[in-house]
Amino acid sequence: MRFAAIADIHGNAAALKAVLADIAAQGIAPKNTVNLGDCFSGPLEATRVAVLLQSLDLFTVRGNHDRYLIEQRLEEMGPSDAHAFRQLSLEDLAWLKSLPFDAVFQNVAYLCHATPQDDNCYWLETVTPKGHVVLRGQAEIEAWAEGIEQSLILCGHSHLPRVLALSDGRMIVNPGSVGCPAYDDDLQVPHRVEAGTPLASYAICEQIDNGWVVNFRLIPYDHMSQSRLAMMNGRASWAAALATGRLA
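Numbering (the UniProt record's numbering), first residue to last: 1 to 248.
Please keep in mind that the hints were generated in silico from the structure rather than gathered at the bench.
Every residue gets a Cβ at the ideal spot worked out from N, C-alpha and C, and that includes glycine.
Quick list of the computed label-pair ranges, beta carbon to beta carbon:
#1 131 x 97: 29 to 39 Å
#2 216 x 56: 16 to 26 Å
#3 54 x 26: 14 to 24 Å
Lysine-lysine pairs mimicking DSS-like chemistry, simulated, CA-CA at most 30 Å apart:
#4 17 x 31
#5 97 x 31
#6 97 x 17
With these hints in hand, go ahead and build the complete structure from the sequences.
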(Lines of atoms letter the chains of each structure in order from A and count residues from 1; the text may use other names and numbers.)
(Lines give C-alpha, C1' and ligand atoms only; values in the text may rest on other atoms or scores of the structure.)
Protein backbone atom coordinates (compact mmCIF):
# COMPACT_ATOMS: atom_id res chain seq x y z
CA MET A 1 0.00 0.00 0.00
CA ARG A 2 1.37 3.39 -1.05
CA PHE A 3 -0.66 6.59 -0.98
CA ALA A 4 -0.37 10.37 -0.69
CA ALA A 5 -1.79 12.55 2.08
CA ILE A 6 -2.58 16.24 1.68
CA ALA A 7 -4.11 18.71 4.12
CA ASP A 8 -4.89 22.37 4.73
CA ILE A 9 -5.11 23.67 1.18
CA HIS A 10 -6.87 26.85 2.32
CA GLY A 11 -7.94 28.01 -1.11
CA ASN A 12 -4.45 27.94 -2.61
CA ALA A 13 -5.17 26.51 -6.06
CA ALA A 14 -1.65 27.11 -7.39
CA ALA A 15 -0.11 25.10 -4.55
CA LEU A 16 -2.70 22.35 -4.94
CA LYS A 17 -2.03 22.02 -8.67
CA ALA A 18 1.71 21.72 -8.04
CA VAL A 19 1.21 19.08 -5.35
CA LEU A 20 -1.22 17.07 -7.46
CA ALA A 21 1.24 17.15 -10.36
CA ASP A 22 4.02 15.88 -8.09
CA ILE A 23 1.77 13.14 -6.71
CA ALA A 24 1.02 12.01 -10.26
CA ALA A 25 4.74 12.10 -11.09
CA GLN A 26 5.33 9.71 -8.18
CA GLY A 27 2.93 7.24 -9.83
CA ILE A 28 0.14 7.73 -7.30
CA ALA A 29 -3.41 7.92 -8.63
CA PRO A 30 -6.16 10.20 -7.26
CA LYS A 31 -7.90 7.15 -5.79
CA ASN A 32 -4.80 6.69 -3.62
CA THR A 33 -4.69 10.28 -2.39
CA VAL A 34 -6.39 11.37 0.83
CA ASN A 35 -7.31 14.91 1.86
CA LEU A 36 -7.49 15.84 5.55
CA GLY A 37 -9.62 18.95 5.16
CA ASP A 38 -9.61 22.76 5.43
CA CYS A 39 -9.96 23.00 1.70
CA PHE A 40 -11.16 26.52 0.96
CA SER A 41 -10.79 29.09 3.73
CA GLY A 42 -8.42 31.91 2.80
CA PRO A 43 -8.16 35.09 0.71
CA LEU A 44 -7.27 33.15 -2.44
CA GLU A 45 -9.13 30.98 -4.98
CA ALA A 46 -11.69 28.73 -3.34
CA THR A 47 -13.59 28.19 -6.58
CA ARG A 48 -10.57 26.79 -8.42
CA VAL A 49 -9.79 24.49 -5.52
CA ALA A 50 -13.40 23.26 -5.47
CA VAL A 51 -13.27 22.38 -9.16
CA LEU A 52 -10.01 20.47 -8.75
CA LEU A 53 -11.08 18.52 -5.67
CA GLN A 54 -14.50 17.56 -6.90
CA SER A 55 -13.22 16.52 -10.33
CA LEU A 56 -10.71 14.14 -8.71
CA ASP A 57 -13.08 12.82 -6.04
CA LEU A 58 -10.31 12.44 -3.46
CA PHE A 59 -10.99 10.54 -0.24
CA THR A 60 -11.65 13.55 2.02
CA VAL A 61 -12.55 14.36 5.61
CA ARG A 62 -13.93 17.69 6.80
CA GLY A 63 -11.81 20.30 8.58
CA ASN A 64 -12.88 22.89 11.12
CA HIS A 65 -12.89 25.69 8.54
CA ASP A 66 -14.90 23.50 6.18
CA ARG A 67 -17.42 23.12 9.00
CA TYR A 68 -17.55 26.87 9.62
CA LEU A 69 -18.50 27.38 5.97
CA ILE A 70 -21.61 25.24 6.34
CA GLU A 71 -22.57 26.01 9.95
CA GLN A 72 -22.01 29.75 10.33
CA ARG A 73 -23.84 32.65 8.81
CA LEU A 74 -21.77 34.92 6.59
CA GLU A 75 -21.85 37.76 9.12
CA GLU A 76 -20.44 35.40 11.80
CA MET A 77 -17.48 34.24 9.73
CA GLY A 78 -13.91 35.37 10.00
CA PRO A 79 -12.44 37.13 6.94
CA SER A 80 -10.83 34.01 5.46
CA ASP A 81 -14.00 31.95 5.73
CA ALA A 82 -16.13 34.82 4.42
CA HIS A 83 -13.88 35.29 1.38
CA ALA A 84 -14.15 31.60 0.52
CA PHE A 85 -17.88 31.45 1.19
CA ARG A 86 -18.58 34.23 -1.31
CA GLN A 87 -16.79 32.22 -3.99
CA LEU A 88 -18.41 28.85 -3.38
CA SER A 89 -21.53 27.58 -5.11
CA LEU A 90 -24.44 25.75 -3.51
CA GLU A 91 -23.01 22.57 -5.03
CA ASP A 92 -19.65 23.23 -3.39
CA LEU A 93 -21.31 23.71 -0.01
CA ALA A 94 -23.34 20.54 -0.51
CA TRP A 95 -20.09 18.68 -1.17
CA LEU A 96 -18.68 20.01 2.12
CA LYS A 97 -21.80 18.85 3.95
CA SER A 98 -21.30 15.35 2.55
CA LEU A 99 -17.81 14.99 4.04
CA PRO A 100 -17.34 12.89 7.19
CA PHE A 101 -15.69 14.08 10.41
CA ASP A 102 -13.29 11.11 10.23
CA ALA A 103 -12.84 7.98 8.13
CA VAL A 104 -10.74 4.86 7.56
CA PHE A 105 -8.86 4.59 4.26
CA GLN A 106 -8.41 1.15 2.68
CA ASN A 107 -8.59 -0.47 6.14
CA VAL A 108 -5.01 0.67 6.88
CA ALA A 109 -5.16 4.35 7.90
CA TYR A 110 -7.38 6.37 10.23
CA LEU A 111 -8.03 9.95 9.04
CA CYS A 112 -9.22 13.04 10.85
CA HIS A 113 -8.52 16.73 10.48
CA ALA A 114 -7.31 17.53 13.99
CA THR A 115 -8.11 14.93 16.68
CA PRO A 116 -10.68 12.12 16.86
CA GLN A 117 -12.61 14.17 19.43
CA ASP A 118 -12.31 17.76 18.17
CA ASP A 119 -11.71 19.28 14.72
CA ASN A 120 -10.19 22.44 16.22
CA CYS A 121 -7.51 21.12 18.57
CA TYR A 122 -3.87 20.32 17.82
CA TRP A 123 -3.15 16.62 18.35
CA LEU A 124 0.64 16.56 18.22
CA GLU A 125 1.28 20.08 19.48
CA THR A 126 0.15 22.28 22.34
CA VAL A 127 0.49 25.99 23.07
CA THR A 128 2.31 27.15 26.21
CA PRO A 129 0.99 30.07 28.31
CA LYS A 130 3.60 32.25 26.59
CA GLY A 131 2.32 31.29 23.15
CA HIS A 132 5.00 28.80 22.11
CA VAL A 133 3.85 25.86 19.97
CA VAL A 134 5.57 22.72 21.27
CA LEU A 135 5.23 18.95 21.08
CA ARG A 136 2.33 17.70 23.20
CA GLY A 137 3.04 15.18 25.95
CA GLN A 138 3.13 11.54 24.87
CA ALA A 139 0.51 10.35 27.36
CA GLU A 140 -2.09 12.85 26.15
CA ILE A 141 -1.38 12.09 22.49
CA GLU A 142 -1.76 8.37 23.16
CA ALA A 143 -4.96 8.80 25.18
CA TRP A 144 -6.63 10.46 22.19
CA ALA A 145 -5.58 7.53 19.98
CA GLU A 146 -7.29 4.91 22.14
CA GLY A 147 -9.67 2.70 20.20
CA ILE A 148 -8.09 3.36 16.79
CA GLU A 149 -7.15 -0.02 15.32
CA GLN A 150 -5.21 1.11 12.26
CA SER A 151 -1.40 1.17 12.39
CA LEU A 152 -1.24 4.54 10.63
CA ILE A 153 -3.09 7.63 11.85
CA LEU A 154 -3.25 10.84 9.81
CA CYS A 155 -4.14 14.32 11.00
CA GLY A 156 -3.61 17.91 9.89
CA HIS A 157 -4.72 21.24 11.36
CA SER A 158 -1.40 22.51 12.76
CA HIS A 159 0.15 22.87 9.26
CA LEU A 160 3.42 21.40 10.58
CA PRO A 161 4.86 18.24 8.96
CA ARG A 162 5.51 15.76 11.75
CA VAL A 163 5.72 12.03 12.53
CA LEU A 164 5.13 10.70 16.02
CA ALA A 165 5.53 7.08 17.15
CA LEU A 166 3.12 5.64 19.70
CA SER A 167 4.36 3.16 22.29
CA ASP A 168 2.45 0.29 20.70
CA GLY A 169 4.08 0.79 17.29
CA ARG A 170 1.36 2.84 15.65
CA MET A 171 2.38 6.04 13.91
CA ILE A 172 0.71 9.47 13.64
CA VAL A 173 1.56 11.59 10.60
CA ASN A 174 0.76 15.22 9.85
CA PRO A 175 1.61 15.92 6.19
CA GLY A 176 1.89 19.69 6.68
CA SER A 177 -0.03 22.29 4.73
CA VAL A 178 -0.44 22.43 0.97
CA GLY A 179 -1.39 26.08 0.84
CA CYS A 180 -0.87 27.99 4.11
CA PRO A 181 2.66 27.77 5.56
CA ALA A 182 2.16 30.26 8.42
CA TYR A 183 -0.69 31.76 10.43
CA ASP A 184 -1.59 33.24 13.78
CA ASP A 185 -4.41 32.16 16.09
CA ASP A 186 -5.78 33.06 19.50
CA LEU A 187 -7.14 29.65 20.51
CA GLN A 188 -5.89 28.85 24.04
CA VAL A 189 -3.56 31.86 23.89
CA PRO A 190 -2.33 34.02 20.99
CA HIS A 191 0.33 32.15 19.04
CA ARG A 192 2.01 31.79 15.68
CA VAL A 193 2.66 28.74 13.56
CA GLU A 194 5.40 29.20 10.96
CA ALA A 195 6.76 26.46 8.71
CA GLY A 196 9.67 28.69 7.67
CA THR A 197 9.33 27.89 3.96
CA PRO A 198 6.75 28.89 1.33
CA LEU A 199 6.90 25.45 -0.29
CA ALA A 200 3.74 23.32 -0.49
CA SER A 201 3.93 20.31 1.83
CA TYR A 202 2.45 16.82 1.60
CA ALA A 203 3.43 13.25 2.52
CA ILE A 204 3.70 9.87 0.83
CA CYS A 205 3.04 6.88 3.09
CA GLU A 206 4.16 3.39 2.09
CA GLN A 207 3.41 0.23 4.04
CA ILE A 208 6.27 -2.26 4.30
CA ASP A 209 6.64 -5.55 6.17
CA ASN A 210 7.54 -3.99 9.52
CA GLY A 211 5.70 -0.67 9.43
CA TRP A 212 5.39 2.50 7.42
CA VAL A 213 7.83 4.62 5.42
CA VAL A 214 6.87 8.31 5.39
CA ASN A 215 8.31 10.66 2.79
CA PHE A 216 7.59 14.37 3.24
CA ARG A 217 7.73 16.29 -0.02
CA LEU A 218 8.05 20.09 -0.20
CA ILE A 219 7.04 21.35 -3.61
CA PRO A 220 7.97 24.68 -5.22
CA TYR A 221 5.27 26.62 -7.07
CA ASP A 222 4.56 30.24 -7.98
CA HIS A 223 3.95 31.22 -4.38
CA MET A 224 4.53 34.90 -5.07
CA SER A 225 1.45 35.02 -7.28
CA GLN A 226 -0.59 33.84 -4.31
CA SER A 227 1.17 36.30 -2.01
CA ARG A 228 0.24 39.15 -4.35
CA LEU A 229 -3.36 37.89 -4.53
CA ALA A 230 -3.61 37.84 -0.74
CA MET A 231 -2.25 41.40 -0.57
CA MET A 232 -4.69 42.52 -3.25
CA ASN A 233 -7.47 41.07 -1.10
CA GLY A 234 -6.32 43.07 1.91
CA ARG A 235 -4.56 40.31 3.87
CA ALA A 236 -0.98 41.44 4.55
CA SER A 237 -0.25 38.61 7.03
CA TRP A 238 -1.29 36.03 4.47
CA ALA A 239 0.85 37.77 1.86
CA ALA A 240 3.90 37.52 4.13
CA ALA A 241 3.18 33.89 5.01
CA LEU A 242 2.84 32.85 1.38
CA ALA A 243 5.98 34.75 0.38
CA THR A 244 8.30 33.46 3.10
CA GLY A 245 6.66 30.82 5.30
CA ARG A 246 6.83 33.31 8.17
CA LEU A 247 4.57 36.09 9.41
CA ALA A 248 5.78 39.68 9.05
